[in-house]
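With chain A fixed as given, assemble chain B onto it according to the hints.
Line by line, the protein sequences are chains A and B.
The first sequence begins at 1 in the numbering used here and counts up one residue at a time.
The second sequence begins at 1 in the numbering used here and counts up one residue at a time.
No wet-lab data here; the hints were simulated from the structure.
This structure is a prediction, so every number in the text was calculated from the model and none was measured.
All clues given are correct.
Now the in silico label distances, taken between C-beta atoms and shown as ranges: (1) A:G226 with B:D274: 55 to 63 Å; (2) B:S310 with A:A99: 28 to 36 Å; (3) A:G139 with B:A250: 54 to 62 Å; (4) B:D223 with A:P175: 52 to 60 Å; (5) A:P175 with B:S310: 53 to 61 Å; (6) A:R9 with B:G150: 30 to 38 Å; (7) B:V149 with A:A107: 39 to 47 Å; (8) A:G113 with B:A12: 31 to 39 Å; (9) A:A107 with B:Q293: 41 to 49 Å; (10) B:V149 with A:Q110: 36 to 44 Å; (11) B:D37 with A:N301: 52 to 60 Å; (12) B:D223 with A:G113: 26 to 34 Å; (13) A:A107 with B:Q92: 29 to 37 Å.
From the three backbone atoms N, C-alpha and C, an ideal C-beta is built for every residue, glycine too.
Chain by chain, the residues run as shown.
There are 2 protein chains.
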Amino acid sequence: MDEFALIRRWFAPLAPHGDGVVLGIGDDCALLAPPPDEQLAITTDTLIAGRHFPLDTAPADIGWKSLAVSLSDLAAMGARPYGFTLALSLPQADENWLAGFAEGLRACAQTAGIALVGGDTTRGELSITITAFGTLPAGAALRRDAAQVGDCICVTGTLGDAALALRLLQSDGWPQTDAARALRARLDRPTPRNAAGLALRSIAHAAIDLSDGLFGDLGHVCDASGVGAELSIADLPASPAFTAGVPTDARLALQLAGGDDYELCICVPPARLDAARQACGALPLTVIGRIVQGEGVRLRNGGGAIVDFSTPSYRHFS
Amino acid sequence: MDEFALIRRWFAPLAPHGDGVVLGIGDDCALLAPPPDEQLAITTDTLIAGRHFPLDTAPADIGWKSLAVSLSDLAAMGARPYGFTLALSLPQADENWLAGFAEGLRACAQTAGIALVGGDTTRGELSITITAFGTLPAGAALRRDAAQVGDCICVTGTLGDAALALRLLQSDGWPQTDAARALRARLDRPTPRNAAGLALRSIAHAAIDLSDGLFGDLGHVCDASGVGAELSIADLPASPAFTAGVPTDARLALQLAGGDDYELCICVPPARLDAARQACGALPLTVIGRIVQGEGVRLRNGGGAIVDFSTPSYRHFS
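Chain A extracted, bound-state conformation (with noise of 0.2 Å):
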């Protein structure tokens, strides 16, 4: 099968026409009207086997998260999810891969009302790069370099479960349990924040994704908006997947350091936490310090006493 069939038969139902998209995949460029007076927001991911996801992930899953990464950014910035292009190398064609990797595109897609409206596939090693937009009103966007001393530093959902994931997957004899089977959920099907990001656009002061690690993600929003954190260590949300399964002396450097939360990070002024906390509905926002004067950030724990932690986020290249 030839590159052009590949991209028509797997791809295409992914590329509605309408809402915006004036011309999908099979021109030379896409062609979108975005809502008049709106900005864009634009974001890149590659996603490499063995780097960004186990090698024995499922392509379903590979297909999810390929996308979900993205979307986090979107959500992120407040932005409403609108299109995305799809650049994906392959060793070979093979065709239960690709509909594998359809189907969790195309679920991921679904959820947040994306569309696919170009893309390019080759071969090579597997790697696959989205580029996401999202639109969003002038002025409205979340973004890092905004945190304000005093606020309170929020994040959604839990820290930990997916790096616990790969921790147990790297480790000799992946526990059956269903524990388990919570946490490498957590790893291949992360659920990006979209509904919270765009309710909080007008209530926080400042947001990024966790991405790389709490530390690291937080660490970027002081240093663009020239402010310091505390963090209050006994704060941070675990799963009780989590809480069962993580050795006591790892649990601080998968919880700020192990990356693939796709978790918000939010710095919110005290005055507007409960309309975050409503925003964020029936997801679970919790308060784990707060923006100070100062520099980089630092641990408290129960007691009040700083905290040592010098593990770096995970970075590449490093």
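Leaving out everything else, chain B in the frame of chain A:
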């Protein structure tokens, strides 16, 4: 050097603010404010070492070509270049390589006035995915589905240069001549025809850029427009270097199916041919055939007889 430092150091100079770029590299998303009431044209292309460019290609030429192929797609729609994202996979963080790559990318971006607005850097097989955005008034795009019976089929520039360069490279003994260097430059540094594409927007009925070879690419125009095409093979434009160096029996295959030309193929009503030539300025525009009723691309020799041609365009996974 870590991922973040890499991006800042080499690519920050390509990411100017202003001109509709509200927020460039450094947040979860870039923010763009496209011209009000204009549509967006979007295209994605992946280049992989040894597949889309020879393994010995200079890093600066890889940088140039990576963006040029996307600019060529924008040219074919008649869209004004606006911004692009870069997803770069590298086996290792080689500073010399990055310096060259960024310089070539910058040079190409500068000629087109297009800004880098976001990206991702990861470790892997050398692979470059660029998603480029252009803007154009609603309804103004040059599409491939609007060719009309009677249109003159025209191409800009010359055909086959890059394909001959690749053939010479793959044979024993690359000739150290000015002609060979000229051919290699056409392979390594294609010139996207953006000025011509913009100027032809109100003149041509349809357009496509020639990336996979005229025969296949024009076939896409025929399929999308529900028409056929007749080409006069004696009229295919060739450079002096191509004419001097091409083996007679390879000429047609290289000009029709070699790929990597990055010229525009446009369908123009005969009454607008002079206007089309003027729109192209110093860039030669050659009439090579006519749009006819029916389907598919037929070839005729200088005497008017049908010529059989069955070499397909370059296709991945074929």
